[in-house]
Structures are given as C-alpha cells and as structure tokens.
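First to last, the protein sequences are chains A and B.
Each residue of the first sequence is one higher than the one before, counting from 1 in the numbering used here.
Each residue of the second sequence is one higher than the one before, counting from 1 in the numbering used here.
Keep in mind that the hints were calculated from the coordinates and are not lab data.
Treat the numbers as computed from the prediction; the structure is a model and nothing was measured.
Ideal Cβ positions, reconstructed from N, Cα and C, are used throughout, including at glycine.
Heads up, a few of these hints could be off.
In the DMTMM-like style, the derived pairs of lysine to aspartate or glutamate whose C-alpha atoms are separated by at most 25 Å in a straight line are [stated by the list, open to error]: (1) 146(B) - 141(A); (2) 146(B) - 130(A); (3) 289(B) - 141(A); (4) 289(B) - 128(A); (5) 289(B) - 100(A); (6) 130(B) - 98(B); (7) 289(B) - 108(A); (8) 146(B) - 158(A); (9) 146(B) - 126(A); (10) 146(B) - 153(A); (11) 39(B) - 29(B); (12) 289(B) - 94(A).
One side of the interface only, derived from the structure: several residues of chain A facing chain B at Cβ under 7 Å [to be verified]: (13) 31; (14) 71; (15) 116; (16) 131; (17) 141.
To list a few chain A residues with every Cβ distance to chain B over 12 Å, as calculated [stated by the list, open to error]: (18) 43; (19) 45; (20) 53; (21) 98; (22) 99.
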Amino acid sequence: MGQVPDRQGESPGLPDRDDVPKKGGDVLVRNFCVFSNNPLLGRSPHYRPVSSRQLLLSVRDLIHRGAVLVNHPLYGNFRPYQQPFRTLVVEMPDTSGSVDFNALSLIERALAVYDDPGVRGVLPGELDPEIEADYAYVDGELVRESLRRCGLEGFLSETERTDEQGDQEE
Amino acid sequence: MKLELHRLKVRRLAWGSRTAFDKGLLSIDRSALTDLLAKDGRFRSVTLDLALPGESVRIIPVKDVIEPRCKLDGPGEVFPGFIGDVETVGEGATLVLEGAAVVTCGAIVGFQEGIIDMSGPGADYTPFSKTCNLVVTFEPVDGLEKHEYEAACRMAGFRAARYLADSVRDVAAETIDTVQWPPLSEAMTAHPGLPKVAYLYMLQSQGLLHDTYLYGVDVKRILPTLVSPTEVMDGAVVSGNCVSACDKNSTYAHQNNPVIAALLARHGREINFVGCIVTNENVTLADKKRSSAAAVKLARMLGVEGLVISEEGFGNPDADLIMNCRRAEAAGIRTVLITDEFAGSDGASQSLADAAPEATAVVSVGNANARVVLPPMERVIGFPREANVIAGGFDGSMRDDGSIEVELQAITGATNELGFSRLSAVTV
Numbered sequence: 001m002g003q004v005p006d007r008q009g010e011s012p013g014l015p016d017r018d019d020v021p022k023k024g025g026d027v028l029v030r031n032f033c034v035f036s037n038n039p040l041l042g043r044s045p046h047y048r049p050v051s052s053r054q055l056l057l058s059v060r061d062l063i064h065r066g067a068v069l070v071n072h073p074l075y076g077n078f079r080p081y082q083q084p085f086r087t088l089v090v091e092m093p094d095t096s097g098s099v100d101f102n103a104l105s106l107i108e109r110a111l112a113v114y115d116d117p118g119v120r121g122v123l124p125g126e127l128d129p130e131i132e133a134d135y136a137y138v139d140g141e142l143v144r145e146s147l148r149r150c151g152l153e154g155f156l157s158e159t160e161r162t163d164e165q166g167d168q169e170e
Numbered sequence: 001m002k003l004e005l006h007r008l009k010v011r012r013l014a015w016g017s018r019t020a021f022d023k024g025l026l027s028i029d030r031s032a033l034t035d036l037l038a039k040d041g042r043f044r045s046v047t048l049d050l051a052l053p054g055e056s057v058r059i060i061p062v063k064d065v066i067e068p069r070c071k072l073d074g075p076g077e078v079f080p081g082f083i084g085d086v087e088t089v090g091e092g093a094t095l096v097l098e099g100a101a102v103v104t105c106g107a108i109v110g111f112q113e114g115i116i117d118m119s120g121p122g123a124d125y126t127p128f129s130k131t132c133n134l135v136v137t138f139e140p141v142d143g144l145e146k147h148e149y150e151a152a153c154r155m156a157g158f159r160a161a162r163y164l165a166d167s168v169r170d171v172a173a174e175t176i177d178t179v180q181w182p183p184l185s186e187a188m189t190a191h192p193g194l195p196k197v198a199y200l201y202m203l204q205s206q207g208l209l210h211d212t213y214l215y216g217v218d219v220k221r222i223l224p225t226l227v228s229p230t231e232v233m234d235g236a237v238v239s240g241n242c243v244s245a246c247d248k249n250s251t252y253a254h255q256n257n258p259v260i261a262a263l264l265a266r267h268g269r270e271i272n273f274v275g276c277i278v279t280n281e282n283v284t285l286a287d288k289k290r291s292s293a294a295a296v297k298l299a300r301m302l303g304v305e306g307l308v309i310s311e312e313g314f315g316n317p318d319a320d321l322i323m324n325c326r327r328a329e330a331a332g333i334r335t336v337l338i339t340d341e342f343a344g345s346d347g348a349s350q351s352l353a354d355a356a357p358e359a360t361a362v363v364s365v366g367n368a369n370a371r372v373v374l375p376p377m378e379r380v381i382g383f384p385r386e387a388n389v390i391a392g393g394f395d396g397s398m399r400d401d402g403s404i405e406v407e408l409q410a411i412t413g414a415t416n417e418l419g420f421s422r423l424s425a426v427t428v
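Looking at chain B on its own, in the form it has when it is part of the complex (with noise of 0.2 Å):
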C-alpha cells in the first residue's frame, strides 16, 4: 500500500465569496458550508465562527478536532462508514490542509467539557491553540436523542472537513509525503537483524460519548484486528467521545497519530514496524478479556518481538492497558506502555487503577489533575457553562473575576496518550 500526503499548509483562515486557497489563506464561504452542514435535519441552528492562534478566545464544550483531508486518487473516501462508501482506505493519493482544523461544539449533557483557549495559559495546554480553527456550533432540534445529537455532530465535523480539503483539490501541493506499506509477505523477512515491533493501539468503546468508530463500525463490537499506517492517516478511526477531554483521541490525532510517526521513522533503522493492531476498551469484563486475549494472539502470529500499547482514557481502560502488557509479557513479548496520570492535584496520589510488575516500561504524558488558572476570553465561542460542572472543574472553580481553576483534565488534548500534546518531561 502506497500513501501520497499532498500537504497545503495554512497559515490564516478567512470568510470569503467562496472557499478557496491562496499563499496560505484558506477563504472560506460560510454561507455555502453552512447550507451543507444544515442540511441535517436534526438541527435547528449551525454556526461558524473561526479561532486563530493569539486571539481572545475560549470554544467551550469541544467535541471532536478533524483535520481537513479529502482523498485526491485512490480507492475510497477519507472517514469511511461516514463520507462516501465503506472502501478500504490508504492508498492513492489524499490532501491535507495541514494548520487547519474543524472544531465541532455541541451541549449533548450539560456536564460537558473540552476547553481550547486560543491564548493564555491554557494555550500551553492543548495542541489546537496553535491551529487555525473553523468552529461548528450546532443547536440541536427540540426533542432530539442525546445518540442521534452525537451522531449529527461527529458526522456534520467530517463533512466540514472534507468539505474544506475538497474544495481546494486543485491547488498544487507544498509538499508531498509518501508512505509505502509493504505486504506481511515482505514485511516479515525484510530488515534481518532488526526486532520486529507491532502498535497496539487502544480505543475508546464504553458507550455514550465514550465511543470511537473503525470504518463506521463501532469498536466496541469489534475483535482486535491489523490495520496499517496508511488507512488511520486517511480516517479509517475516528472519535466519537470527548468526556473527559485531556486524554481523548480527537479524530485529528488519530489522523496525524504520534506514535505511528515514530514508529515509521524508526522502521529500517532500528526496528521493523509490522502493523497496528486496533484493540478496544469495553465495560463488560469478559469482553475485556477476549479483545485481550484476541489483540495479543494478532501479536504472536506477527511473531513480533516489541509492542507499543497506547491507551485512551483513565479508569476501566486502565485495567485493560495493564492486562494487554502482562499477556504480552508472558508471551514473551516486551512492552512500552503510553499513559497519563490521575495522581491528585500534589501528583501523590496513586496514578493508575491498575498496575502489574511486569509494566516496567511506561511513558506518562502528564497528571490530569494538575490545575491551572484560566483567565477570562474576550470572546467565548460555544456553550459556556459554569465551569464547576465541567469534568476537571470543581467546586469553587468560578472565580469572582471570571477566570476559572480547572484541572487539565478539562482542556481538549492536554494528556493525549498518544503523545499528541504540548506537554514534555525535563531534567532538572
């Protein structure tokens, strides 16, 4: 499988006669996006609005970041099971208008969360200060199911973002990446001498809002099963959760996934990357135990020697994380872990529900319940709500000048376990 990125790097968004791209300007035509994405019927309003970096502006509740990507040639449709048809996607051709991102706002609960401050101290926090934001806002019609809500809104962002990407696909590309996939065939024998290593790549499948998609399929009712590279960059996994924001995969993430990077930049030399085993995160123990055993079977029938386990979310999944790396390690396989902390606000606390001496290699991406003191938005696109109800607020949160204390938990991205964040580690 061969995957070209045609890459159109956008450095300012603004409305315009039509959507067009231009020396890093991407002109939007709100009128015309907002006729497209009304089209549902199950809203009453849509919005636009756009948040660049610097300004004043806080977007509040967040519930899915999608990177605007429409495939250029090849078989398929970026975000398959939801744009165009169910064709295996990851190969051919697919534009990216990298810099930009679509932001869908919706108020499913009322106890929802997901901050992105355009500035400020809470900018440190979140990967999407620094893109350049279209904002979907969508009101939902009287009566609407709170399924059919979440729904309306994940798919309404991937129209958005195909959308914009398509209407630009005869712009020239900046740059080009291209990423070759072999087949097993190949794989297996190629790199002699280097340790084969397989992704596994944990997802999101509790339930309401805590659901992520594979070809439109809903994780949680899937075995473990081999993906490559190719097909996640063109949208093959997708969120459908965003409760608590820190540590949620945004569709955008998934998209540009980090640790899929590193393992491709490492392939040949260090390693031999063989493939990404997509796994989930159910409630039921049983089902645990079977995706478990399934996802770790994948890995021995790979034969690889090294697996990387990323976890998305805290909690139930951590039981999940921590039986993936002791089946693993019995098996004979060796394990890095990718997790973030919930260790209370002093960082004393224990940090995990779960734990296994044999998880002798994690890498944490930060304690969620660090606090931070956002200062008040000239501007707040969204639903604001009192911030003691957001998940990572408190009681006490709403200060008498109007900025808030959360903890990072609130903060769209703030402790993404796939390392797409702004946080680091240093020696001191």
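Chain A on its own, in the form it takes in the complex (with noise of 0.2 Å):
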C-alpha cells in the first residue's frame, strides 16, 4: 500500500468517542477509521486486500505522521502462520503533528512478530476459503468493540464484499 489515505469519508456517525485514546488540544471533530484486509470490513475506504504485514507498515507510516492506534495490533490469540487477516482502527492525524511513541512501540512490536525470519505470514486467498471465512468472521468480531467505539461498526458486514472498490496491490 505505501499512500497516505485519504481523510474524506471517515464520519459514519458521532457516538462515545470519549473512550478511546485522545491526542490532546482541542479536537473538535475526531476522525477515526479502518484499516484491514479483511473482505468483511471491504467497505471501509481503507479496506486493502494487502498482506498483515504491509498493513502494519501502512499504520504505522501514518502514526510516524501524528495518528493514534485505538485497538491493540496484536489482538486475538493467532500466529501470522494462522491468521490471515488484520484490521486496525485509527485517529488519523490532526496538525498538532505529535507522535504518540506508544502506539508507535506497538506496532513496532507487532511488526516484529511478523518479521521473526522462522514465520511466513499467510495471506489472503491462501487458506480453504472455508476456514478462512472463520477467520474473517472472527477477526471482525475482535475488533467490533473497538469500531463501535469509533462509529465504525457499520463497516462491518455479515458476508464479504462481491465489488472490486478500493485498489488492488501486490
């Protein structure tokens, strides 16, 4: 992925946004969204049919740039071998341009994890499409708390998506 996203279309509604980490200053208007490549998230803009991997490296580009984790990277008691999919929800980045260095260490860790040289990480479209529906299906629900916080649960579909919205990468 490598490109900054875009900052259009990240408001599919206003609810508790008082429980999840602040930035500090006076935000007026916070601007979460979602980052996965999980096709049961496809809706979301930032939906990328990418490796773990590349989209760990994409947030934290942007956390390098100012945005918050709100949901830990690692979540869910999975392997890279095991899990094919990630989904990360976000603050994007404000003009204050501080970076939160523990978000960054997270993801630096989780980072590590993916890059240990006795794990190859599995893809999306690797597994029995059965099994790895089940793993779409679970990744979602992990982190359906953390979207709900963020007005993002509507992101969230029951099957996958069937277009082709959002940009095919290597």
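The two chains are supplied separately, each in an independent frame; assemble them into the complex guided by the hints.
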C-alpha cells in the first residue's frame, strides 16, 4: 500500500468517542478510520487486500505522521501463519504533528512478530475458503468493540464484499 | 466466608442405569444426561463418550473442561450467572468429583483446536489426560450463529458438570477441605510482620472464542474487582475461550487455580494473602489503561507489598501484563509475573510482544512453539480435522502415517499460565 489514505469519508457517526485515546488539544471533530485486509470490512475506504504485514507497515507510517491507534495490533490469539487478517482502527493525524510513541512501540513490536525469520505469514486467499471465512468472521468480532466506540461498526458486514472497491495492490 | 469442599475421588467412569458413585466408580446414566442436554433446541445432536487415562483416544476440538461440582449447602449454585441464580457464592459446602471432568467439543469455526490425547507423547503435555473424562460433542442446528453455538456449548458443559455432582450429592464425602476467608477488617491486621500480597487475575476478554465470564458477566464489560478465592472455587469465573488452547484457562483450571492454592498454602506463614483482583484483557487500548489503572488502584487500596500477576493468552495480553507490572512497580508494589512464551520452535525468538525493565521476576510456564509429534490414535472423539488448520498446526503437519506434528499451542492446557499444566523446569 504505502500511500497515505484520503481523510474523506471517515465520519459514519459520532457516538461515545470519549472512550478512545485522546490526542490532546482542542479537537472538535475526531477523525477515525479502519484499515483492514479483512473482506468483511470491505466497505471501509481503507480496505486493502494486502498482507497483514503490509497493513501494519502502512499504519506504522501513519503513526509517524501523528495517527493514534485505537486497538492493539496483536489482538486475538493467533500467530501470523494462522490468521491472514488484521484490522486496525486509527485516529487520523491532525495538524498537531505530535507522535504517539506508545502506539509506535506497539506497532513496531507487532511488526517484529511478523518479521520473525522463522515465520511466514499466511496471506488472504491462501487458505481453504471455508476456513478463511471463519478467520475473517472472528477477526471482525474481535475488533467489533473498537469499531463501535469509533462509530465504524457499520463498516463490518456479515458477508464479504463482492465488488472491487479499493485498490488491488501487490 | 467459609467454604467446605466435600471431595469424592473418581477413579473410573462407566455407563450405568442411573448416575451413581460407589468406591471410586462414577456410573453415568447416558440417556438421562443426553436428554437433559438435548433440551437446548440449539443442538441437532448431543453425543456422550468416555475417555479414560491410558486409552488410545484423541479428543478434538476441545472447547472447555469442567470439574463436576454442585452446592450442597450455602447461598447460590456453582457457575453463578449460568446455573441457578446470580447469588454470590463461595460459602457453605460444595461437592467436588475430583478426578472427573466434563470435556466439551464443538466445531464452532473451521480452524478450531484444542487436543487432548489420553495416551502417547501428547498425553504428557495436558493435565486432562489424567482425568476420567465425559466428552460431550455437540452438532448445531442448521444456520446456528457462531456466538449462539459457543454459548450453547458453554452452558451444556456447566449443566453436565452440575448434573454429575448433583446426582451423587447424598454420598458422604471421602475428604473435606475447609477454606476460611476473613473480612477485610480482619485481613488487614492479620499476621503482623508478614507482607501483604494480592493476586491480579488477568482474564481473556477479546471477543468471540476469547471471552471469560464473572458471575455471568462478560469480563470485557467489568472494571477490575475484588473476589475471594472461595468464589473462584465455586465457579464464579468460567471460560468462554479456547483459541490457542495451550494457554487458555479452562473452567476446570479456574476451579482449581494453582496460583490461589499456592497463595493460600503460604498464607499466614510467609505472606498475608488478602485477595484476588480480577481484571480483563481487552482489545481497545483505552480499556487497557482503564483496567490497569483500576486494578493497581485496588492493590494500593489494599496496601499490598506484593502482587502476583497471571496472564491468559499471548500477544495483545502481553501489553496488559507489562502495563500492570509497570504501574504496580511504580506504585511501590513488587510484582511476580506468570506467562508462557512464543519463542519459536527453537526457542530463539523474542518470547513476548512486550517487555519492561521493571519485570524482574517472571515465571515462564513453557514455550508454546515447541513441537511434538502425536501418533495416530485408535479412536478420535469430536470433529477430527486436518491438522494443518489447527492453531499450532502448520503446513505439513499431517504425515503420511497419520501422525501429526503440532506446536504445544494446539494441546489443551500445555502451557497454562495459572501453572495448571504438566511442564516444569529442571536444573541441568
């Protein structure tokens, strides 16, 4: 992926957003979005059918630009060679330019798990479709609460998307 | 609070015309129990099997293991919030069918895992190869939603466990253990000169197949709270999780929590054990901060000098574990952490996803990435699936001769972080 996502289209509601990390400052409108390679979150503008490692790298880059993580990047008791999907809820950068070093540390540690030389992460599309569908379902359930807090639960669907919205990437 | 554990030692299981206990033999009325469990309309079928130590039997995929218990006297019923009412438990008398276990099996998702081998090399890694197991396998009705399927399996396990104990409630106990738990007003001044110590009991609470319940409440919804050890023994804490079965606390492990047992054994001699603080392991980072702050606040309110912290799971909970450690140490409370490791099959990789210099006293219960070869078994109970899709299995797990090579991650309770396992360390 690599490119910074468009900040538009990220306001599907404004529920109890006091219950997520604060960036500080006078933020009148908080801008959350969800990055995922899980097809059940295909309605998110930031859905990309990429590897989980690539997804983590993209969000890591955003954190360097001031984004804040809402959920832990290693949620779920799966190893990279088991679960092909990752979903990260992020508060997008504002103009403060401050870096959340806790979030940066978390995602670097998560990347270290994916970069372990003894580990080959499983990619979306590599597993038996029935098994992969179950992994996608459980992935969505594990992040449902984080999505709900940020008004993004509407992006989580019961079925995989069938269109080709979002860029296909290597 | 005073709790008596009335124990009967189960050494054998057999089918019988009625459920009864006699000289170590627990006879089970198969049709009566099947009928009881089949009343849940969410099941298309309920199958009961017996699996005894030493048999050539594999059980897969295991959802939960429960020790049969029921209340003989006192308020409430075991597994409060699920069986009976939500009345506070931990007082009176409870019947324990020691040596017996109810094992539940259900194929809620395709990648499910949790292996118990009753013999062979795999049996050495699970404590439930040594229990006399009643295995209950559930097939759902068509279209049953996964949360409902999980909940139905969970409830059925508790019903079966309670049924077995309740059916023999009139048999006189062979042994009685008594746990006396004082009110805080007494505990705070008891045993002057001994350090006050509490137990921070971290519980999985990430979501479907990763949840735990306290008095029937999903633990992800709680603020950390104080419970007595006797409440835990009566099933106030129950499991709703099974993914990565090696380090998940089955309900059986909660009922027999070795950390609590060890703290009670040292109470009044080496330490003044003042209580268990139950906390969660949520996915949202704000929840982690809130729970960690509240848990350590409770420890400070108790005025403890030491805190034993047990983790459940790996990855995301490593952050909770380390956050709890750092906050407690910053508050002047010394900590001991109990965790397992995911250090690669050769043990050379980083073990945890988080770390801190304050974590100077850490107990490892084993490396879940260590591999073991499980030979074929004569009988498989449950839903045998290709080992490649077991968590802990990997591409090439299944061998031509039918044996499977898996990581300990796939074996129920292999690296249980309460220490309810068969692994230990030796000096070489």
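These are the hints, each one checked on the structure:
1. 146(B) - 141(A): Holds: residue 146(B) and residue 141(A) sit about 11 Å apart, inside 25 Å.
2. 146(B) - 130(A): holds, 14 Å
3. 289(B) - 141(A): holds, 21 Å
4. 289(B) - 128(A): violated, 38 Å
5. 289(B) - 100(A): holds, 15 Å
6. 130(B) - 98(B): The given pair, whose Cα atoms are some 11 Å apart, holds under the 25 Å limit.
7. 289(B) - 108(A): At roughly 19 Å apart (the allowed maximum being 25 Å), residue 108(A) and residue 289(B) satisfy the hint.
8. 146(B) - 158(A): Roughly 12 Å separates the two Cα atoms, so the pair holds.
9. 146(B) - 126(A): Holds - the C-alpha atoms of residue 126(A) and residue 146(B) are around 23 Å apart, at most 25 Å.
10. 146(B) - 153(A): Roughly 18 Å between the alpha carbons, so the hint for residue 146(B) and residue 153(A) holds.
11. 39(B) - 29(B): At roughly 16 Å apart (the allowed maximum being 25 Å), residue 29(B) and residue 39(B) satisfy the hint.
12. 289(B) - 94(A): holds, 23 Å
13. 31: The hint is violated - residue 31(A) has no Cβ within 7 Å of chain B, the shortest such distance being about 17 Å.
14. 71: holds, 5 Å
15. 116: At about 5 Å, which falls below the 7 Å cut-off, the nearest Cβ of chain B leaves the hint on residue 116(A) intact, so it holds.
16. 131: Since chain B brings a Cβ to about 4 Å from residue 131(A), closer than 7 Å, the hint holds.
17. 141: For residue 141(A), the interface hint holds, since the closest Cβ of chain B sits about 4 Å away, which is under 7 Å.
18. 43: holds, 20 Å
19. 45: It holds; residue 45(A) is separated from chain B by about 22 Å at its closest Cβ, greater than 12 Å.
20. 53: holds, 15 Å
21. 98: holds, 16 Å
22. 99: Residue 99(A) is indeed farther than 12 Å from all Cβ atoms of chain B, at 15 Å.
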